[in-house]
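Asker: So the chains spell out like this:
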Amino acid sequence: MDKSYNWWIIVPIIFVLGGIILPFIYLILFAGGFNPQVLTENVNVIRFTIFQALLSSTITGIIGIPGAYIVARTNLNRFVKSVFRVLSAVPFVLPGVTMAMGFLLTFGREGIFTKILHNIGYNKRILYTFTAVIIGHVFYNFPLFIRIVGETWEKIEGSLSEAAKLDGADNMKTFYLIELPLILPAILKAFLLTYIYTFTSFAVVLILGGIRFSTIEVSIYMYTRILFDFKSAFTLAIFQMLFISIISYFLSIKKGSFISGKSLKNEFPAWGYFYLILATIMIFVPLAYSLLSGFIKYGGGFGVENFKRLFNLNITRFIGATFKQLVGYSIILPGIASLISVLLSAIGAFHSSRGKKLDYIFMLPAAISPVTIAFGYIIMGIKPFFSLIFIYTLITLPIVFGLLENGWRTINKDIEEAAKLDGANTIILNTKIRFPLMKYHLLTAFVYAFTISVGEMSATITTVEPPISTFSVAIYRLLSARKIPEARALNTIYSFIVVVLFMLIEIKRFNDEQ
Amino acid sequence: MKKLLVTISVFFVFLIAFANELVVYTYDSFVSGIGQKIVPVFEKMYGCKVKLLSFGDAGAVLARLIAEKKNPRADVIIGLDQGLLPKAIKAGVLERYTPVNLSLLKYQELFNEYGVPYDFGSIAIVYNKEKIQNPPESFNDLLNPQFKGKIVVEDPRTSSTGLSFLLWTIAVYGDKYLDFWKKFKDNILTITPGWDEAFEMLESGEAEMMVSYATDGAYSYYYYGSITYVPVIMKEGAFVQVEYASLIKNARNPELAKRFLEFILMNYFQKEVPLNQWMLPVTQTELPEAFSYVPEIKKTLQVSDEIYDNLEEILKEWTKVIIGG
Chain A
1 MDKSYNWWII VPIIFVLGGI ILPFIYLILF AGGFNPQVLT ENVNVIRFTI
51 FQALLSSTIT GIIGIPGAYI VARTNLNRFV KSVFRVLSAV PFVLPGVTMA
101 MGFLLTFGRE GIFTKILHNI GYNKRILYTF TAVIIGHVFY NFPLFIRIVG
151 ETWEKIEGSL SEAAKLDGAD NMKTFYLIEL PLILPAILKA FLLTYIYTFT
201 SFAVVLILGG IRFSTIEVSI YMYTRILFDF KSAFTLAIFQ MLFISIISYF
251 LSIKKGSFIS GKSLKNEFPA WGYFYLILAT IMIFVPLAYS LLSGFIKYGG
301 GFGVENFKRL FNLNITRFIG ATFKQLVGYS IILPGIASLI SVLLSAIGAF
351 HSSRGKKLDY IFMLPAAISP VTIAFGYIIM GIKPFFSLIF IYTLITLPIV
401 FGLLENGWRT INKDIEEAAK LDGANTIILN TKIRFPLMKY HLLTAFVYAF
451 TISVGEMSAT ITTVEPPIST FSVAIYRLLS ARKIPEARAL NTIYSFIVVV
501 LFMLIEIKRF NDEQ
Chain B
1 MKKLLVTISV FFVFLIAFAN ELVVYTYDSF VSGIGQKIVP VFEKMYGCKV
51 KLLSFGDAGA VLARLIAEKK NPRADVIIGL DQGLLPKAIK AGVLERYTPV
101 NLSLLKYQEL FNEYGVPYDF GSIAIVYNKE KIQNPPESFN DLLNPQFKGK
151 IVVEDPRTSS TGLSFLLWTI AVYGDKYLDF WKKFKDNILT ITPGWDEAFE
201 MLESGEAEMM VSYATDGAYS YYYYGSITYV PVIMKEGAFV QVEYASLIKN
251 ARNPELAKRF LEFILMNYFQ KEVPLNQWML PVTQTELPEA FSYVPEIKKT
301 LQVSDEIYDN LEEILKEWTK VIIGG
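Residue numbers (the numbering used here), protein chains in the order written: chain A, 1 to 514; chain B, 1 to 325.
Hints in this document: simulated from the structure, not taken from any laboratory.
Values in this document were obtained by computation on a predicted structure and should not be read as measured data.
Just so you know, even glycine gets a beta-carbon here, dropped at the ideal spot from N, CA and C.
Since no wrong hints were added, every one of them can be taken at face value.
Chain B is faced by these chain A residues, among others (derived, beta-carbon under 8 Å):
1) Leu105
2) Tyr221
3) Met222
4) Thr462
5) Ala481
Isolated chain A, as found in the complex (with noise of 0.2 Å):
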C-alpha cells in the first residue's frame, strides 16, 4: 500500500460532499425544514420506485452479463466486437425525447417489431406495460455491463482457468470458482449504478410505461415545479438519496485483487447468435430510428427537409448564442469538468481499487435529481459557468469512477514493486508506469463524461444564461418553439458527434490490441 498518496483521498470526498452537501444546506433553510408526512403520502410512488429499479436492474444485469462475456471472451470478429462496443455506448448518452422516437418506431403501433409480431399472430401490445418499461431500463443500462463487466473480464489471466480445466473443472465450475469471484466486484459495480440510474428515471417510466406508473423523481418534480412545495420535494430528495447511499454501501464488496492478464478466448457459443438477434432487436434498433429521428419529416417521411430548415433558421435567436458560441461552450463547460471528474476519480479509484470502501460516497451524486442541486445553487448564488461544471463533474463521477476504479485494477502489482524496487518515486510511477497503462480507460472515461454533460437538459436550462448555450439546451430550446423538424435535426447531429467519439477510443483500442 502506497502510504504516501493517502491524503490526496480528501480532495474527491470534499468535493463530493462539499458538492452536494452544502446546496442541500442551502435549500432546507430556503424551505424552511422537513415535511416528513410526504414520505407517507408517496408511500405507493417510493414502493414502486424500489421495486421497479431492483427488478430493472436485474434484468439489465441478465442481459448484459452473457454480453460482456461475449465482447471479452470469445472470438467474435474483432470488428463485431467493436460495432457492438460502438453501438451500446450511445443509448446512455441520448435524451429523453430521442429515446422515445426510437422506440415508438420498434415497438409502436406502426412499429417494424409490432409488424413482424403481429405477422406471426402476436397482437398484444408492447409498449405502455411495465415490460416497456424494463426494455427502456435494459437499453439505457446494459451499456454499463458491457464495459465495467466486459472489461475486467478480459483481463482475468487465461492460465488461472487453464489451469482449472487441466484439473478437470468443466466450463460452468471454472466460471463459477475462478471467474465469477474476480468479476462480482465488477457485476455489483454496474448492478449499483443500473440500480441508480432506474431509480431516478423519469422519461422512460412515464413515457413508455403509460399511466400507472410513477417514481419518487416525478414527485419531486411536481412539488418544486407545479405546486412550489419545496419542504415536500427536498424531503423527497433527501430520502431518495440516504436510500440511495445505504444501498450502495452495503452494496460494494472490496477486494484488493487485481487482474492484469489477457484472457483466453473461447469459441462463440450458439447461444450467442440468439443473444445478438435479441440484443439488435431490443437495443439496436430502437437506436437506430433514435438516431436517425432527424431524417423524419414532419408529417411522416425520410428526407433532408429537416436538416435544411435548421440550417436557414437564425439559430442565435431561439438559443440565444451563437453557433460558435454554443460548440465552444459544449466543448469548453464537459471538458473541464470531464478533466476535474477524471482526476477526482483517479484517486478515488486508486483507494477502492486497493480495499478503501468508497463508492458510496462516488455514488451518491447519482441519486440527486440535477435539478435540485442547480437550485441549490442558484440560492447560493454561484455564477452559472461554475454551477456547470460543478454539476458535470458530479453527474459523471459515478461512472467515471466505475471505469476508472476497473482500470486500476488491471495494473499488476508486481510491475509497480518492480518499479519501486529499480527507484521509481510516485510522480515516475504515475507517468510512466500508471497512466500509460491505463490510458485507454482514461479516455474512455473521459468521453462518457463528455458526451454525459453535454446530454445534461434538466439543470442546464434551469442555469444557463446568455451567451452559454450547449446542445441539449439547444435542443431543448427548439423543441419548446415548438422547431421540431430542427430539433430532430439538430438531435442527429449531435448523436453522431458522441457516435464518432466512441468510435475514436474503439479505434485506440484497436491499434493498441495490434
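Position chain B relative to chain A; hints supplied.
Answerer: Chain B alone, transformed into the frame defined by chain A:
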C-alpha cells in the same frame, strides 16, 4: 484633460445604461419568439436596455424567482398564467400595479392587480383527421369506447398543458371530475411528461388524439401549408389560459418595469401576439389569415380560486385515480 473628460463621460454613460437596464424573466419560447420583435421597440422608446432571461418553462422561472426573493434580480416576470399567478402572490414575490392604459384591455375581467394580461388561448383536443372520421365534440364523446387507447394526455404533475386539461375537466364536471377520469382512463393510451412527447406520439401515428392548443391548426397552416391535426374545443365550453406580466417586489428598476407593463397593452406588442405566441391578443387587434383556422370560442369556463389553492389535494386525488397511489 480631454482624456479625463472622455473617461468621465464614458463612466456616466455606463452608469445611465446600468440604471436603465430592465431585467425580464420569462419562459424559453417568449425569448425566441415575440421577444425578438418587441424588445428593440421598447429599447428605442425608452433609450434603455432590456435583458430577457429564461430558465425553462414558466414554472421553472417562478421557482427561480422565489429562490431569489431576498435579493431579486428581475424587474418583470412574463408568463405566469392564472394557475401560477396566485402561487406567486402567495410567495410574496409580486407587487401590485395598474397600468395607466388599462382601458385598452378588451376583456376587463381578465385583469388582476398583480398581473397585466397580455394574451390568452384555449386548450383543445387535437385529432389526426386522416385517422378519425367523427371527432369528439364533447367531453361525453371523449368517453366513447371507439377512442379506446387513442388519446395521449400530458401529466398534470409535470406539464402545464396537462394541468390545464385537468382544470378544464374540473370546470366542466365540478366535484364530479374524478368520475369522468375514472371512465376516461380506459381511453388514454399513455400520459407523457410534456407536450413534446405527446406530439411525437401523434406524429408517429402512435396516438390519434392529444391534448394541445386551439391554435395548432393555424400554426401548421402557417408553417407547413397544411393541416393534418385539427383542434376541437369541447362544446361544454373552452378552458382559457390567460398569461400575465407582473411587477416584481423590490425590483431594481420599478419605473421602467411599469412602463413595460403599459407597453404590453400597446399595439406594438399586441400585434405580434398571434403569429409569435400563437395566442389571442387582449386588445382590439386585427388577426392574421391563418387564425381563421382557430376554432371559435363560444363560451369560456373557469374554475374558482379555491381550486387553485387546493391544487395539491386535487393532484393527489387525480394520482390516486390514475395511478392508484
